[in-house]
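Colleague: All chains, please: the whole structure from these sequences, using the hints.
Chains A and B, in that order, give the protein sequences.
For what it's worth, the numbering used here labels the leading residue of the first sequence as 6, then goes sequentially.
For what it's worth, the numbering used here labels the leading residue of the second sequence as 60, then goes sequentially.
I should point out that these hints are in silico values taken from the structure, not numbers from a laboratory.
Restricting the straight-line Cα-Cα distance to at most 30 angstroms, the calculated cross-link-like pairs of lysine-lysine (BS3-like) are:
| no. | chain 1 | residue 1 | chain 2 | residue 2 |
| --- | --- | --- | --- | --- |
| 1 | B | Lys-214 | A | Lys-79 |
| 2 | A | Lys-92 | A | Lys-103 |
| 3 | B | Lys-152 | A | Lys-103 |
| 4 | B | Lys-82 | B | Lys-214 |
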Amino acid sequence: MPDFQAYQGEGEPRFANGVELECAKLLDYYGIPWAYEPRTFVLEQDEQGRVVEAFTPDFYLPEQDLYLELTVMKQSLVTRKNRKLRKLRERYPDVNAKLFYRRDIERLAQRYRLDLAS
Amino acid sequence: MELGAEIAADYEDREPILVASLKTAIVFVADLSRALPIVHNLDFIALAGYDGNGGGGRQVRLLKDLSMSINGRHVLLVEDIVDTGLTLNYLAKTLLLREPASLGAVTLLDRPYRRLVEDLPVRYVGFTVPDEFFVGYGFDQDERYRNLPDLRLLKHAAERA
Numbered sequence: 006m007p008d009f010q011a012y013q014g015e016g017e018p019r020f021a022n023g024v025e026l027e028c029a030k031l032l033d034y035y036g037i038p039w040a041y042e043p044r045t046f047v048l049e050q051d052e053q054g055r056v057v058e059a060f061t062p063d064f065y066l067p068e069q070d071l072y073l074e075l076t077v078m079k080q081s082l083v084t085r086k087n088r089k090l091r092k093l094r095e096r097y098p099d100v101n102a103k104l105f106y107r108r109d110i111e112r113l114a115q116r117y118r119l120d121l122a123s
Numbered sequence: 060m061e062l063g064a065e066i067a068a069d070y071e072d073r074e075p076i077l078v079a080s081l082k083t084a085i086v087f088v089a090d091l092s093r094a095l096p097i098v099h100n101l102d103f104i105a106l107a108g109y110d111g112n113g114g115g116g117r118q119v120r121l122l123k124d125l126s127m128s129i130n131g132r133h134v135l136l137v138e139d140i141v142d143t144g145l146t147l148n149y150l151a152k153t154l155l156l157r158e159p160a161s162l163g164a165v166t167l168l169d170r171p172y173r174r175l176v177e178d179l180p181v182r183y184v185g186f187t188v189p190d191e192f193f194v195g196y197g198f199d200q201d202e203r204y205r206n207l208p209d210l211r212l213l214k215h216a217a218e219r220a
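Modeller: Spelled out as structure tokens, the structure:
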């Protein structure tokens, strides 16, 4: 694991996949402070108050006050994530969140030579 | 060029320095400079592009610095494209440390829907473009096609080259 300079979290981040790692390296390179999965947003609770749906965006950029979720799924398969993001915006209107789709990530990879295979 | 007239109106009597980031913006800045009917200066800056090895203390750095002082001057950064905003954000932060009188940016192309950094000094935008890969007019693919006289989608450039 690289020794990240702009990482704002505690403990070593445990990325779910290579795309998240590459994104972290890119942010670090440009000196953009970032945290990994620092907050889980409750989207739905049942009548007893138990959480039945939640959303944990991959990254938080404190200087931008922006949550960033990456998805490598095909466009046709991101409906669930889109729905979660919509719910997040409805329930937390002050939260700024953005979903980066597979196509966005591929463009980033093209421009910044990211290794998405890892 | 409409941008030239707009910038000239805003910067008249301020003798701005156009700072173009190498290499892609060279064609744009050459046209912009000639379309700017006010006294202005030109300078260039180059950043080491990300090579896939961020983290581990590796951070962006200047490959070529400005040749003139910008302290107290009006600076207009000239960019080829702004999408995530990572590069422009770094450049703006770096140049602001040198205390220019003002700092703005003009970009030929803009992809605002891909921003990761929002607080950017972009004042002038040539075109907001869709999510396509352009070459020509300074834009390259592996250093090819920069010489094409106008912007083209990559598949078209490959067909014509």
